[in-house]
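Between the sequences and the hints, there should be enough to build the whole structure, so can you do that?
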Amino acid sequence: MRNFLLTVILFITGFNATGQDNDKKDFTPYIAVWAGGCVDNPFQFAVGIQKPIQSNWSIAYDVHYWKTGYECYCDDMYSTGDFRSITPSVKVIYSTGKKEGRGLMAGIGLGYMFAKDRGTEQTYEYDELAKTYAYGISRDAKWDFNSIAPSFSVGVGLRVFKLPVSLNTIYYFAKTTEGWLPVAGGAGFKIGFRKLQ
Numbered sequence: 027m028r029n030f031l032l033t034v035i036l037f038i039t040g041f042n043a044t045g046q047d048n049d050k051k052d053f054t055p056y057i058a059v060w061a062g063g064c065v066d067n068p069f070q071f072a073v074g075i076q077k078p079i080q081s082n083w084s085i086a087y088d089v090h091y092w093k094t095g096y097e098c099y100c101d102d103m104y105s106t107g108d109f110r111s112i113t114p115s116v117k118v119i120y121s122t123g124k125k126e127g128r129g130l131m132a133g134i135g136l137g138y139m140f141a142k143d144r145g146t147e148q149t150y151e152y153d154e155l156a157k158t159y160a161y162g163i164s165r166d167a168k169w170d171f172n173s174i175a176p177s178f179s180v181g182v183g184l185r186v187f188k189l190p191v192s193l194n195t196i197y198y199f200a201k202t203t204e205g206w207l208p209v210a211g212g213a214g215f216k217i218g219f220r221k222l223q
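The opening position of the sequence shown corresponds to residue 27 in this note's numbering, with each subsequent residue numbered one higher.
Derived by calculation from the structure, the hints in this document are not laboratory data. None of the values given here were measured: they were computed from a predicted structure. Watch out, some of these pointers could steer you wrong.
As the list claims (entries may be wrong) - The calculated label-pair distances, taken between Cβ atoms and stated as ranges, are:
#1 M103 - L189: 26 to 36 angstroms
#2 W169 - F69: 16 to 26 angstroms
#3 I75 - T195: 14 to 24 angstroms
#4 C64 - T203: 50 to 60 angstroms
#5 K221 - T122: 12 to 22 angstroms
#6 N67 - T122: 32 to 42 angstroms
#7 A156 - I75: 41 to 51 angstroms
#8 Y152 - I75: 41 to 51 angstroms
#9 R220 - A132: 46 to 56 angstroms
#10 N82 - A160: 50 to 60 angstroms
#11 Y99 - I134: 44 to 54 angstroms
#12 D52 - Y159: 54 to 64 angstroms
#13 L184 - Y161: 46 to 56 angstroms
Unchecked claim - Computed cross-link-like contacts, DSSO-like style, restricted to lysine-lysine with a CA-CA straight-line distance of at most 30 angstroms:
#14 K201 - K142
#15 K124 - K77
#16 K125 - K188
#17 K221 - K77
#18 K77 - K168
#19 K77 - K93
#20 K168 - K201
#21 K125 - K221
#22 K201 - K93
#23 K188 - K142
#24 K157 - K201
#25 K93 - K168
#26 K93 - K142
#27 K124 - K201
#28 K142 - K168
#29 K124 - K221
Backbone N, C-alpha and C define an ideal beta-carbon position, used for all residues, glycine too.
Spelled out as C-alpha cells, the structure:
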C-alpha cells in the first residue's frame, strides 16, 4: 500500500509539472450523485473541482459524503445500524475525447475515509420448516474505522446545455473492521459548472 501511495503521488506531481502551460488557472466546480447498495438511503454525494493537466488528462479534488441506515444477515449474525462516511480524495481521470471531458473516461483516486458505523447485533437461527427466525439477545455494537480509500471509476463524458456531464460508476475501497472491502459508490452522474479562474 505504501508503494501504491507513492506511485500515485509521483504520477500526479509529474502531470502537474508537465501540464502547467495548459489552462494554468482554469478549474471546473462540480457535484456528483451516485446510488448503490440495498440500504435505506442508496444516494451518495460529492462536491469538488476538476482541472485539465495535460491532453486527455485531468485531476480532481473532491469530498464524498454518505449517510444511510441498513440491516444485514451475515454469518449467523443479524446487524442493524447507521453508517456515515466522509472521504476527501484526489483523482486522476483519463478521457478519450478530443475536447475536455468528452468520450470514454476512466479514473483512479486516493483518499482517506472517516466512517462512523454504529448499531446493534444479535445471533439468529432460521427454521426452514416453520419459515421463521429465532433471535438471540441484542447488544450495542460499534464498527467505526478510518482508512486510506482508493477509488476506481469508469464512464462516459458529454455536454448537456454546454455543461460537462459524465455518466459513471465509482467504487471506494477501505479497510474496515472486517478487512478491505468496497464500502461506498455505485452508478450515477457528475455535473460540472462554469469554469473559474
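Checked hints:
1. M103 - L189: 26 to 36 angstroms: 46 angstroms, violated
2. W169 - F69: 16 to 26 angstroms: Between W169 and F69, where Cβ atoms are some 22 angstroms apart, the hint holds.
3. I75 - T195: 14 to 24 angstroms: Holds, since I75 and T195 (Cβ atoms, about 21 angstroms apart) stay within the stated range.
4. C64 - T203: 50 to 60 angstroms: Violated, at about 20 angstroms.
5. K221 - T122: 12 to 22 angstroms: 21 angstroms, holds
6. N67 - T122: 32 to 42 angstroms: 34 angstroms, holds
7. A156 - I75: 41 to 51 angstroms: 57 angstroms, violated
8. Y152 - I75: 41 to 51 angstroms: 49 angstroms, holds
9. R220 - A132: 46 to 56 angstroms: 25 angstroms, violated
10. N82 - A160: 50 to 60 angstroms: Given range 50 to 60 angstroms: holds, Cβ gap about 58 angstroms.
11. Y99 - I134: 44 to 54 angstroms: Violated: the Cβ-Cβ distance is about 33 angstroms, outside 44 to 54 angstroms.
12. D52 - Y159: 54 to 64 angstroms: 58 angstroms Cβ-Cβ, so the 54 to 64 angstroms window holds.
13. L184 - Y161: 46 to 56 angstroms: 50 angstroms, holds
14. K201 - K142: 13 angstroms, holds
15. K124 - K77: The hint holds at about 16 angstroms.
16. K125 - K188: 12 angstroms, holds
17. K221 - K77: 9 angstroms, holds
18. K77 - K168: With Cα atoms ~39 angstroms apart, K77 and K168 exceed 30 angstroms; violated.
19. K77 - K93: 28 angstroms, holds
20. K168 - K201: 15 angstroms, holds
21. K125 - K221: The hint holds at about 14 angstroms.
22. K201 - K93: 18 angstroms, holds
23. K188 - K142: 39 angstroms, violated
24. K157 - K201: 36 angstroms, violated
25. K93 - K168: The given pair, whose Cα atoms are some 16 angstroms apart, holds under the 30 angstroms limit.
26. K93 - K142: 9 angstroms, holds
27. K124 - K201: 38 angstroms, violated
28. K142 - K168: Distance of about 8 angstroms is within 30 angstroms: holds.
29. K124 - K221: 18 angstroms, holds
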